[in-house]
Amino acid sequence: MTEPGVYGQTTEPSSDAKKAFFSIQHLGIVRFLLKVLQLLFSFIGFVCEEIIDQCENCGGLYFFEFVSCSAFLLALLPIIVYCTQLKDKVNKESLATIDFWITSITGVIFLIASIVFVATMDSNTLATVSVAFGFLASIAFIAEVFILYRSGESPFKKKANVNGQNKTPEGQPLKPPVQAQEAEQV
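When we follow my numbering, the leftmost residue of the sequence shown carries the number 32, and every step to the right adds one.
I should point out that these hints are in silico values taken from the structure, not numbers from a laboratory. Each statement offered as a hint is correct.
The calculated label-pair distances, taken between Cβ atoms and stated as ranges, are:
| hint | residue 1 | residue 2 | range |
| --- | --- | --- | --- |
| 1 | Asp119 | Leu157 | 40 to 48 Å |
| 2 | Leu157 | Lys120 | 38 to 46 Å |
| 3 | Ala163 | Gly90 | 18 to 26 Å |
| 4 | Asp84 | Val121 | 37 to 45 Å |
| 5 | Gly90 | Gly183 | 36 to 44 Å |
| 6 | Glu184 | Cys100 | 22 to 30 Å |
| 7 | Leu64 | Gly183 | 18 to 26 Å |
In this text, a Cβ means the ideal position worked out from N, Cα and C, and glycines have one as well.
Could you build all of it, start to finish, from the sequences and the hints given here?
See the structure below:
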């Protein structure tokens, strides 16, 4: 028999493999709660809107239906990625950028859909409840965008290199043009 641990690096699971399947550590408690509120509010708004059986002017209702269902699915996706081991499989900078843009665009469109639904809805209790949850979901999406922007996790933050100096923006020359160098030497 061989000694225990001889083949440990290749045959025994490492301590990294024993990570929890679901963890909110990467998001933090505030962002996780906002993501859950986005999910919950958009789902309740969608369900209340689906229960409405009659409407005279249904354009706003259908737009709100599409946006609330889409927002629910788009709020579910980041929770799945951030809270499972999928976050280790993707580029973290790209994930943060995509999350920022999806959250901000969804929040603005949900706000527009809620305003359109208020303007076109009939006086119906379910429609009022649905719109209220639509506004709450919009606030949750926009609040997370504000938190991302304030914490510097938005795509608008300045990127610095290892030495802490700002990088040259893409598309800009690294050195001055040759004509400028010749003029400096004269």
